[in-house]
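Participant: Next come the chains, spelled out residue by residue.
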Amino acid sequence: MAFTKKPLAAIAATALAATLAACGGGSSDDDNGGGSSGGKAEKGGNAIFLVGVRNVEHWDPQRMYIGRDLNNSGRLFYRSLVALPASNDPEEGTTPIPDLATDTGTMEDAGKTWKFTVRDDVKWEDGQPITCEDFKYGASRNFATDVIIGGPANYLFTYLDIPTGDDELPAYKGPYSKKGQELFDKAVTCEGQTITYRFKKPWPDFPLSIAQLRYMDPYRADLDKGDANNFAIISNGPYKLDGTWKEGTGGKFVRNENWDESTDPIRKAYPDTWDFREGDTDEAIYEQLLADSGDAQYTVTERRLPPSLFGRKDEAGDRYTQVESPYVDYVLPNFNSPVFKDANCREALKLATDRAAWIKAGGGPEYFKIADSVVNPGVPGYKPNPAFADLPESGDPEAAKAALDKCAAPKPVKIKFTYSGGTPTSDKQASALKEGWDKAGFQTELDPLEDTYYSVIQKPDADFDVTWGGWGADWASIGTVIPPLFDSRINLTGDSNGNDYGNYKGGPEVNKMIDEAYAEPDLDAAAEKWAAVDAKLGEDVAYIPLEITIFNFLHGGKVTGYANNVSVNGYADLAVIGVEK
Amino acid sequence: MGSAAAPLLSVRELEVHFPTSDGLVKAVNGLTFDLEAGKTLGIVGESGSGKSVSSMAIMGLHRGTNAKISGEIVLDGVNLLDISAEEMRKKRGREVSMIFQDPLSAMHPYYTVGNQIAEAYRVHNDVSKKVAKQRAVEMLERVGIPNPDKRVNDYPHQFSGGMRQRAMIAMGLINDPNLLIADEPTTALDVTVQAQILDLLQDLQREFNSAVIIITHDLGVVAEMADDVLVMYAGRAVEHGPCKEILTHPEMPYTWGLLSSVPDLTGDTEARLIPIPGNPPSLLNPPPGCPFHPRCAHRDKVPGDLCRTELPLLVPGQRGETHTKRCHLPNPDAIYATEVLPEIAPDLAAGAAPTRAEEL
Amino acid sequence: MLAYVIRRAVAGVIMLIVMSIVTFALFFASPIDQASFICGKNCSPAQKQQTAAAMGYDDSFINQWWDFAEGVVKGRDYPDDPKLRETAPETIVHCEAPCMGYSRERGDTVTNLIKDTFPVSFSLAVAAFILWIAGGVLLGVTAALKKGSIIDRGLVGLSLIAYAFPTFFVGLILYKFVAIKWGLADIPRYTSIADGGVGGWLSSLALPAITLAVFFMAGYVRMTRSYVIESFQEDYVRTARSKGLPERTVTFKHALRAALTPIVTMAGLDFAGLMGGAIITESVFNYPGMGKLAVRASQDFDLPTTVGLVILLAAFVIAANIIVDLLYAVIDPRVRLG
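Chains as they are written, first to last, in numbering that gives the first Met the number 0: chain A, 0 to 580; chain B, 0 to 359; chain C, 0 to 337.
Warning: the hint list may mix true and false statements.
Computed spacing ranges between beta-carbons, pair by pair [said to hold, decoys possible]:
#, chain 1, residue 1, chain 2, residue 2, range
1, C, Arg84, A, Asp494, 50 to 56 Å
2, C, Asp324, A, Lys427, 40 to 46 Å
3, B, Glu338, C, Thr264, 44 to 50 Å
Rough simulated footprint, nothing fancy, chain C against chain A, three-plus residues with beta-carbon under 8 Å [claimed, not checked]:
#, region
4, 147-154
5, 173-186
6, 238-248
7, 263-272
8, 436-442
9, 486-498
Since the hints were derived computationally from the structure, they do not count as laboratory data.
From the three backbone atoms N, C-alpha and C, an ideal C-beta is built for every residue, glycine too.
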C-alpha cells in the first residue's frame, strides 16, 4: 500500500516474498539460507526483538496487516494451514509447505474450491486440540467488520462465495451478530478435520495468501472477546506470551509446553525467551547495536539503520546486512488533470523523469536501487516493464522535449507535484524530480503535504498533476500489486479513488486482461498474463517507477544463525535465529 | 549652637562614590556637620541630592557594596569608618538606628510586627523571646498603638500607614539609641497623620534624649522639627545653619526654590507654588562651577562667568559664622526680599515681614 | 477556605468541560479521516464506513462529546450495541464511570492506559523535581549571594548553556555516552518499585530524570538568582540590616523567605505540567509514560486517549493552581483566599 514512507500511517509494509539479495553476512551453507551470520544456533538463551517506534497495532491474527508482525507471529506463536519454510531461495522461500495441515491443500473446480486437512496431533497453548472448527471460526471473524477492523478481510470478501448485501459488504456479518451465518456455513464447511473453502471465482494462489497473511488462522470461539482481544495471543506455536502485552512497552514470550517440535518442520525455537520491546527510536536502537554491549548483543530488529549512523556500519563487521525491500516507489500522472489526460504529455513526463537524481537526493545507492516496474523484482512473474527498462536512469530530456511539443496542453506546460513531504529528504527528492521535468520544458510547482496527504490525493477531483506512491505486494503474486493500484472497478467510487491516485481507467481491454490473469489456475501462466497487464500500464504511462528501497540492518554479536530470509520478506527470520547463552 | 562639649556625631569631609560601568558616581562630596545629643538636624534636598546616601553611610549600610567612602563619621568618639563590619553591625540598631520612608515596604510582609520589633531587641540583648516580645508590646504602647498586646501579633499589612510608622519608630527606639535617622518619615502618610508622627518623634526624642537626623524634602517638616538645617544639592551641602536662620534668611537660590515649592499650609490663596525648573544634575558628570547654575535664575547677577566656572565654597554669608552657604551671589538678602519673597508670599512681602517661614 | 476550594474546584470543572469540547471540536475540524487509519490498507469504502460507524466517528461531534460526557458520569459499554449484548456479550468491554473512553488503537480503556502510564510520568516528575529544585535553588541562591564573582558568572553561564540545549539533545548525549559508550549507567528502562525495588526504580530513573532536571535546573538557577538579588534590594532587607541583624539572619530569614515564594508557584505549576508526562524525555528514553502516550495518541489520531490525557493534564494544572494558591496563603500572610 501507499503508506510505506509514512510512520504515522496505520498501514504498511506487508508480506512479500522477494528475491532479497543478501549483500552482507556470511555463507549460506546451512539450512537457514543466505543472509545469515553468526555461529550455529543452539537451544537456550534469551533473545530480544526491538520493535522500535512503530508499535504493534494488532496481535489478533485476523486483524494483522503489517509484514513485520505477520512474520514474527508466524515464526513464534501462530501457525497456519500452510507456511513458508525458512529459506532464502527465491523458489523454495516462496513455496508454501504444510504447517498445521497435513499437506499443502487440494484445489478443485479450477481453483474455486480448496480443501485442507488439519493435523490431529496439534494443540493450543492450553492443551486443547486444534480443530477444523477453529479454522472455520477464525475465517468467520473477518466478516465482523465493525469489530475485526484493520485486517486484509477484503480479499476474502472478493473471493468467498457469500452474496453481497445492500451496503456493498458481504451479507454475512460475522460470528458476533451471526447475521447471515447460514451463508457462511455453506461457504466454509468442516468434515472431520477437513475444511473446505468455496469461492465465487478461481483463487489459484490462495495457499500463498494464507501462508503470508494470517487472516485464515484458527481462532478459539470460547476465548474470543472481540476487540478486547486485540493484543491477546492464543498461541499454537513454540512460544506463548508471559503475562499480557503492553501496548507501547511490549511483552515477553516464553516456551509453550503444548507445542510439539515433531509436528513443526519450520520453527526451530532456539532461544528460551523472546523479549519484544516497543518504543525505542532508531537512533537509540542502532547506537546500542553499534556498541554491541549489554542487552544489545542478543538483539535483532526490523528497524533500519538510520542515515545518521550509516557511516559507522563498518564497525559492526559481519553484523551488518543489506537486503532489497519488497517495496517500489513510483510517481503517477493524474489522468483527471487537464495536462495528463493527453498521452503525449504523460510520455513527456516519463521521458523527463530523472530517477538517478531522485535516488541521489534520497541518500544514494546504499538506500535505493532503480526500479523499472511497479512490480518488485522479488514477486514471481516480475518482468522489467519495457516502457521503463530502456529509459536512461537520468531520463532523456531531448526526447522529452520532442514529446512535449506534441502535448496538447498550453505552453509552457505548468504542472503541480503533490507529494508526501515534511522531511528534508522528501523535499530534496521532489526538487530533484522537478529539475528533470523543468529541463524538458515543464514548469513544476511543488506541493508538499503532511498528514493530509492521502486524504487529498484520494479525492478524484483533487487539483494536482503528479503525485507519489509506494507499494509492496501482500503475497507473492502480481495480483496483489496491479489490481489494488490500477483496477478502476475496485478503486474508483465517486468520492474516492482508493489506491488509484492517478485516477487511471484501463477500460474494457485492461479489465479483461486483469480478469483473465486472475482466472488463470496455473501460477506461471498467470504471471505471464500479469506481466502483460503491467506492460499495458507502462504503455499508457499509468505510473513511472522510481526505485526499490534497500534495507540496512544490524544485529547483536551474540545472535546466532541470523538470516534475512526471502520467506519473511528479507527481515530477520525468527524461526531459525538463536542466541548465545 | 557652639557648645564646648564634643558633639555626639561629627561628620567630616564625607565622600561617598560609586564606581559604575559608566564612570564614578559622586553621590556625596565633602560633607561636614556636627550634631549634639538631644538635637535635631534636618537634611533637605531633592531626590538624588545625597541626603539618603549620607545617612546610609552613617548607618554603615554601604559596607559590602562597592561604594568608596572617605572622610570621618565620628559617633561618640568612634570613627565609624575605621571599625570592623562586625563592630558596626553591633552599633546598628543599638547606638544608631533608622526609620524609613515607606513603612509598608520597610517591614517584612511575612513576619508579625511584634516579631520584627522583638528581633531588633533580641539581636542586641541576650533575652528570651518572651521577654523581647513583652518589650515590643511596651514599645508599641509607648508609640501609641491601641491594644498593643493584641496588635503585636498582627502583620504589617493589617496596620494602617500611621500605625506602621509608629511601629517602625518603636523598632528604631527599642534599644534607646543615641542617634535616630528618620528618612522621610512622613512622606508616605496622610497629612493629618504626618503631624501626629512628627509630634510623637519629638516627644520620644525628649524622653530618650536622642539626637535625630530627619531627612526630608519638606521644609514644613524641618520647620517643625529641626534645630539645624542642612540643604544638600548634587551631593554637597549648599546651605547650613540654625533652622530659623535658614528659613527666614535663606541665602542660596536653591533654598529659595525649595521654599517656593512648599505648599502653603495656612491656605493663603495668593501664594504661588513655584517648582524649581529643570532636573537635578547628573552625579556622573556634574556641571562645572556651581552645580546648581543650569537651573539658577540669578546666575546673571554674579559678575563674570563665575557660576559656570568655579565651585563656590561653603562659607559664612552676611549673617554670621553659623550660617554657611555655597553661592557666588554678593547680595542674596536683598534679592530674596525684593524678588523672591513677593513671588511666593506676597502678603509677607507687602507687610515687610521678614519671613514666610514663621507661619510654617 | 473550604468555600474557596469548592468555588475554585467548580470553576475548574467548568474549565475541563470547555477544554474537552474544544479538544473534540479540534479533532473533528482536522481534515484527517480517522477511520481510514484504522481500517487497514486494503479497505473498501464500505468497510471504511463501517469502521467509522463502529468507532462512532460518523456521528456529529457534539453527540460524540455528549456520549463521552455521559460515559464520564455513568460509565459506558464498548461497543454500545444492544444487539451485540444479546448475541455476544463477551465481546463488550464495560468501562466504568468515570469512563474517559476506550481506545481502539490500544485496545484498552483510557482509564487503564492512564493507570499504566501515570506512575511512570509521576516517578520521573518526582525524581526530576527533587533534582532540579535542590540543584536549581541552591545554585541560584549561591550565585545571587556571590553576585559578580567567578562562581556567579560560571553558574549563570552554565545555566545559559544548559538552557539553550534542547532536552532531546541532552537526553541523547546522556544516552549515547553515559549509558551506551561508557556504560556508567544502565540503558534506562522504566522499572517500577514492585519490579525492581526502590534501588532499581531509582537507577532506572537516573538518566531521564537528570535530562529533565538539567533543563529546569538551568531555568531555576537563573530565576532563583534574580529573585534573590531582587529581594536583597527590598526595603525590608535594608531594615533588617539597619537593626543590626547578622548577615546570615538577613539572608535566610528576610531575603530568601520572600524570594522563594514565587519559586514555589513556578515549581508547583511546572511539577503539575510534568505529571502529565515529559513528552521529549519520555520519547528519547522510551519511557512508557503519559507524555509518550500523548505523542502516540496524536500520531494515531486516537481521540479517546487524546481527550483523556488533555483533560487529565488540565485537571493537574487546575489542581496545582489551587494548591499553589493555598500554599501562597500559608506562606504570605497578606494573601487572603476569597
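Participant: Decide, hint by hint, whether the structure agrees.
Facilitator: Verification of the hints:
1. Arg84 (chain C) and Asp494 (chain A) have their C-beta atoms about 34 Å apart, which leaves the hinted 50 to 56 Å range violated.
2. Judged by the Cβ atoms, the range 40 to 46 Å given for Asp324 (chain C) and Lys427 (chain A) is violated: they are separated by roughly 52 Å.
3. Look at Glu338 (chain B) against Thr264 (chain C): about 60 Å separates their beta carbons, and that is not inside 44 to 50 Å.
4. Judged by the Cβ-Cβ criterion of 8 Å, the region 147-154 of chain A is covered by chain C as claimed, because 7 of its residues qualify and three suffice.
5. Coverage of the region 173-186 of chain A by chain C holds. Counting CB-CB distances below 8 Å, 4 residues qualify, and the rule asks for three or more.
6. Remark: the region 238-248 of chain A is confirmed as covered by chain C, as 4 of its residues place a Cβ nearer than 8 Å to a Cβ of that chain, reaching the required three.
7. Chain C is given as covering the region 263-272 of chain A, and this is violated because 0 residues of the stretch bring a CB closer than 8 Å to a CB of that chain, at least three being needed.
8. Against chain C, the region 436-442 of chain A contributes 0 residues with a C-beta closer than 8 Å to a partner C-beta. That does not satisfy the three-residue criterion, and the hint is violated.
9. Restraint check on the region 486-498 of chain A versus chain C: 5 residues with Cβ-Cβ distances below 8 Å, three needed, restraint holds.
In this structure, the hints that do not hold are numbers 1, 2, 3, 7, 8, in rising order.
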